[in-house]
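Asks: Protein sequences, first through last, are from chains A, B and C.
Per our numbering, residue 1068 is the first one in the first sequence, and the count goes up by one each step.
Per our numbering, residue 5 is the first one in the second sequence, and the count goes up by one each step.
Per our numbering, residue 299 is the first one in the third sequence, and the count goes up by one each step.
These are computed hints drawn from the structure, not numbers from a lab.
Heads up, some of the hints might be wrong.
What the hints assert, rightly or not - Simulated pairs of lysine to any residue, SDA-like, Cα-Cα distance not exceeding 25 Å:
(1) C:LYS512 with C:GLY501
(2) A:LYS1115 with A:HIS1129
(3) B:LYS262 with C:ASN491
(4) C:LYS314 with A:ARG1232
(5) C:LYS314 with B:SER166
(6) B:LYS290 with C:ARG447
All values reported here derive from a predicted model rather than from experimental measurement.
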Amino acid sequence: MSALVRRLGYGGTLCLAVIVSFALLALFAPWLSPYPDQGMGTPNVIAKLKPPSADFWLGTDHLGRDVLSRVIFGARVSMSAGLLIVAFSLLIGLPVGLLAGYFGGWADEALMRVTDVFLAFPALLLAVLLAAALGPGLLNSIAAVAVTWWPWYARMARAEVLVLRGQPYVEAASVMGVSQGRILIRHILPGAARPLLVQAALDVGPALLTASSLSFLGLGILPPTADWGKMVDEGRKFFPDRWWVSAAPGIAIFLLALAFSVLGDALRDREGDKRRDAA
Amino acid sequence: MRCATVKGTSAVTLLDLQGLSVTIPSQAGPVRAVRSIDLRIAKGEIHCLIGESGCGKTMTGMALLGLTPAGAQVAARVFQFDGIALSTSAAALRGRRIALISQDPAAALNPVLTIGRQMDDVLRTHSPHSKADRRAGAVALLAATGLPDADKLMTSYPHQLSGGMQQRVVIAQALATGADFLIADEPTTALDVTVGAQVLALLRQLVADRGLTVLMITHDMDVVAAVCDRATVLYAGLSVETGLASAILTRPRHPYAKALLAALPDAAPHGQRLAAIDGQIPPSTKAISGCAFAPRCPAAMTLCYTVPPPARVQGDHLWACHLAEGAP
Amino acid sequence: MTAPLLTVHDLVVRYKTRGLFAAAAKPAVDRVSLSLPAGSTLGLVGESGSGKSSLLRAVLRLVPVESGSITVDGQDWLAIHGPALRRARHSIGFVAQNPFLSLSPRLTIAQILAEPLLARGDKPGAAMQDRIAVLLSRCGLPLDFLPRRARELSGGQAQRVAIARALALSPRLLVLDEPTSALDVSVQAQILNLLMDLKADFGLSLLFVTHNLKVVAHLADQLMVMRHGCVVEAGATEKVMTAPEQSYTRELMGFGQRFGHDAKP
């Protein structure tokens, strides 16, 4: 425990706790939420738009469903969206950046021009266009965002590789006759992946927000699945009188995105300290 | 070969340092960067502080400038510069009476400002004359360090100059502060041999012309032989021998000084093994009882491990050792 | 008469200039030739900009060569490429100036020493472990260093690891780039002694590049002084040190010869 605090600081550890809590909620949603079937979408019209009470801790929405249960089930969608977006972007961007940076030449030029095209568009706009083109659905919206995000990771990876390529220990390896593939995997990849993973942690928050924005706009999750962005959108009509319908999912988005951001910051500070000590 | 002779040095002591210690707190315990160093430098002298990594020579220089790391505890029995107590006034003297010339001239100069601007910044702080006067002063100082085309140099940027020229600019800046005591921390290590020789010659000339005093921190015996009048050898944060540079180089008394000189490549005939020193310096986190060099000394006796060595004197040559002079 | 292990003939290395209209850059290495007999040590001395590093990097095939030839053990070194070059590289060991930069900060000493063996295609196992242990002890290091990382070692110890790594594939030629310049005098003495011992035990040829003439004069059979890309003086060490032809060579001997000491080079 103290090792964790040393690594992340008190803020970072708190954020990790928040994230883990949300993850547990998402994993065990059917058992942790008070009204699981309502969380999954079954309407309960009798209890329409009730304020927070002992029965419904966060009130009910316009179809009478328990907002708390909806938020807990929504965690599944939002967390997986945030993490999958970042994971796919990394999976595409890291190899592209590695290859472009290590081999240089025309491969580098070609790949970088492709990333230039993607980076020329405002990310959210491009994501909206792609999501609209692909049609509704969670996987489609994740794919749409990942496609707009991978160029950033490719660029970052390439920059790291360019630095690493010139390091004396990498040079020593090639002088020894180590094959290029082995150099890439043993020396370059670990060095390049580190800062990228830190950046990825920082990016889960914005990824989550982007995914929520897409579903807020109506692209993404199909009802009745609980999704925080969609819930905020649905609750707009009742704001500010029945504030809980929008506020609850909104605060959830805020908390989780903030937790990832602060955690990423803590990781980055630690990374920065390590780099400084090693210098 | 020539060794600088002690000429023109007055008997006036400019720097009097006795029992300096610098301890830096750390997670692993207190780090004794400097355990106990005595240093006495006369006006007009070029004094070399000789030692290998970890001996505390750079930290001593920093203590004189008041630039030890935050949290470091600096203490001394006597800690005086020209009669002024350094424990309180180091910051005030820095840049006024005491200037620093460090190892990497490129790092000491601001890459985005012209030489003229950087010289002017110094002159403005120390001699508030008119702009024209300051400019003339700057050009004169640059010329005094042997830089050709000093006038043209005023509009150049540091990266346009070679390493040797950059170091001369740093020296000119030091002169511009009006300082009479220069601390030169390995000023030639980053320079080529031939260029370094010129910089050392310049320092010697400036000392003679302007009555400066120099503390030269170095690990290179060639530097000591070329410019130093007197020298002090450091080991593990302690001063172990001090005397005339020529005396230390030809007849060192302390076993460490002897071993150090014997380990030089030209101390052994071609192709033969060099006299390396076994072992390593004691860790700076550990306190030392007895003599710091005892574990590595070929002539160590049981006494050396328990009792700190007494100071031995022969004229103006001092060293700390239990062995009588003449012992192997 | 043993055939030379390494010969360089009229080598020219020129770095490209940028820009369409820029004049061709001066060559970093300007028609340099040298010959290193087997079992011999050649000291290549020069200051910054002399071309000694470029010459070294050309021999290591790290920079392209404009013209000239390099022969290693009878083979046309510059004609080999690709996988054949990787295999051929096993016959040259390289030790760089700063061991903390040339040893991977992430790997353990054991992994660092295993790397060249794995590159040759050796299978990990008892035989490899034995070889690593032998290398380590030959270079004066205890076996309990194996799980440590480079940053836990002192400068001298780290350089010993670098030397051990360079010897892993039993090369005949060892190329060293300022191997002791970053080390203290006392540690330098230990490393130079180690190099002399290894050279004697394994019949190595050494190409020792440095700016410090006195260090290399102690070890080298031949000396070569470079300046501005050209060789200004070359010959047997004894001759160069006692009767140098060029005043530049004399300047390089340091601005303070040791005086009062009886030892002669």
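Asks: It remains to establish, for every hint, whether it holds in the given structure.
Replies: Against the structure, the hints come out as follows:
no., hint, result
1, C:LYS512 with C:GLY501, "holds, 23 Å"
2, A:LYS1115 with A:HIS1129, "holds, 5 Å"
3, B:LYS262 with C:ASN491, "holds, 19 Å"
4, C:LYS314 with A:ARG1232, "holds, 20 Å"
5, C:LYS314 with B:SER166, "holds, 22 Å"
6, B:LYS290 with C:ARG447, "holds, 23 Å"
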